[in-house]
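Going down the list, the protein sequences come from chains A and B.
With the numbering used here, letter number 308 in the first sequence gets 318, and the count goes up by one each step, no holes.
With the numbering used here, letter number 116 in the second sequence gets 660, and the count goes up by one each step, no holes.
Please keep in mind that the hints were generated in silico from the structure rather than gathered at the bench.
There's no promise every hint is true.
What the hints assert, rightly or not - Here are the simulated lysine to aspartate or glutamate pairs, EDC-like style, with alpha carbons at most 16 Å apart:
| # | chain 1 | residue 1 | chain 2 | residue 2 |
| --- | --- | --- | --- | --- |
| 1 | A | 96 | A | 312 |
| 2 | A | 365 | B | 628 |
| 3 | A | 366 | B | 628 |
| 4 | A | 460 | B | 627 |
| 5 | B | 691 | B | 735 |
| 6 | A | 455 | B | 773 |
| 7 | A | 22 | B | 627 |
| 8 | B | 561 | B | 608 |
| 9 | A | 292 | A | 101 |
| 10 | A | 229 | A | 101 |
| 11 | A | 455 | B | 608 |
| 12 | A | 365 | B | 627 |
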Amino acid sequence: MNNSDIFSMAIKNLFKRKVRTFLTVLGVMVGTAAITIMVSLGLAMSDSFDEQLKNMADITIISIYNSDNAANSAKNTIMDKAAIEKMKALEGVKTATPIYNTSIRFVSGKYVADLDVAGIDESAMEELGYKTAKGRLLESSDAGTYSFVFGANTPSYFAKPGKRMYYFGGGEQKIYVDPMEDNVSVSVDSSYGEKKTDGEKKKSVKPTKINCIGLLEEKDYRVDYSVFTPLEIAEKLDSEKKKFEKQNNNNSQGGANTKKRGYQNAYVKCNSIDDVEGVCEKIKEMGFEVYSEMDYIKPMQEMSNSLQMLLGAIGAVSLFIAAIGITNTMIMAIYERTKEIGVMKVIGARISDIKKLFLLEATLIGFFGGVCGIAVSLLVSAILNNFNTPLSSIGGMGGMGMYMADEAPAVAVSVMPLWLCLSALAFSSFIGLISGYFPARRAMKLSALKAIKTE
Amino acid sequence: MKNLESTDYVIEVKDVKKVYKMGKERISALDGISYSFERGKIYCLLGTSGSGKSTLLNMMAGLEKPTSGSIIIKGRHIEKMNEDKLAIFRQKYIGFVFQSYNLMPTLTAIENVTLPLIFQGVRKKTRNKAAMKMLKAVGLEGRLKHKPSEMSGGQQQRVSIARAFVNDPEIIFADEPTGNLDTKTTYEMMDLITKTARDNGQTLIIVTHDTEIAPYADAVIHIRDGKIEKEEINRNTATDSSELFEENTEGEN
């Protein structure tokens, strides 16, 4: 028997029992629509997460602070090279680097900028995932040299002394200095270039010329507003700055930083998001404080997971019921058509033909149900998107509300990509096929002789 | 019965027994039947209800398996074939005419006739042509698109005959083909079926309890209690019901 003949026979049989076929298709439609809408909401949620994550720091990077907590200081919690090596050795850690933070005045021509300098392990930069827009990253060979890599937003901080310090976005920002092109120096005098107030007996120091080797791509807040330099340089600049300030009787700051030995901060880069939690736990056990974006993301994910689970359960239950519906319809059909099946067998239909016929009928019910289900899903999706209330914001997820307020309009509630439609169709057809299996076997096993005698 | 050795047998039934188990009771439907059917002849299996004639037919058609003994059609043991092989065997060599016509209620006359060809995987054009020719031969060229429910019993049986002959099988089984028809239609049907079989050189085996059909056959096999009671060879077989009517009227006079 040709496949095209089986196909046209199956279609004929389905249309013969229009009402029953329609009702069964309706069942599959509801199930498919429920599951498809569930997935589309889930997709939209993860899309909006991605959108939000772009505005957050790299989740796989954990920030570590040396705790000033009294309880912890009892322990041996000095963040020294050994501690960093220990972190590097943790399972799931790609690399770790101490961060030496300080603030230094940069000078270029008549412009100055007070920038956060982060002393970093030169060799770790690449592994931390930093990328340059221009130039290159720090490398091991840069150790001990005045090499600087500028964060994406740092050049905009250069301004005439005393003119402007902060910029909050909005409008065109005029950038006066391109560190890659212009000569840039650093000064230990944090008021370098400003007019001396009367009576100030400050000795002026010559700024040190630096070598700007790279400008980073825009990434996240931890990166965009910092300038990176080898660890020793950051340490050296900081201590020179403090010395200078001491000399000028400006001793109000700096004391606290030297209270403890070792580094104040460190970054640990994990291999994947899944490792973050475990690594955080272990570093906490070492006696350090950790901060990771995961702290925000986890409750968000849990919320959306439970929502998706609920929708998924509804979808699964309705599709299961639809599958039972298909099986029931097919069994009924076999009871009705027992004699037909018998005659078909006697006049030469092979049992494989009969099996194929019934499987195909069941699959077609699943397929038509899938088509209707997708149509319904597209409709529901369009309606949901018109209301434009992202599900993740309904959940009221802590800190995310803030991000949502700014970013929400761009994110859809429900996303229906083509692959979702196609796989829903394939899935519903597959459900039909499975549901038809038992009835088809039954039809196959019918005794031709008995079947032909039934009235 | 001359030249028995050189005779071309199309079906050989050898010591076939069939025992049904009904609870604890064992009912013997066929009790050691042996018979050889010659190619191109018409046979009538005559017997009362429960004699085992239908059981024998079902076994020769491969619808039932014998408890013991063998059935050889065209040199092959059909009692040993599995269901798929039997299906292909039936597609090629066997046509069926039933008492209750057994047409597909939702298909038109022509679709019903094409059905065996569809199962054989014959192309649409070819099979429609063959079906058309067959329906014309049974005199239903005006009713191609009619469904069974729109036809009389005689017409339905004609469709069923067309269906049995459409793939030009070597053997036709007819199980009480006239059981649901009136006398006039019975003769029409018998004329049609025997004429077609003789024209094509096909072997026709008719199961019936109607003795009036017997004159059409070359051999009448009387079956009783699962055994062959006697065999009558008919030397002057009827080819046309008009002859039968003459005989009948003569008899009455």
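For this structure, which hints from the list above don't hold up?
1, 5, 6, 7, 10
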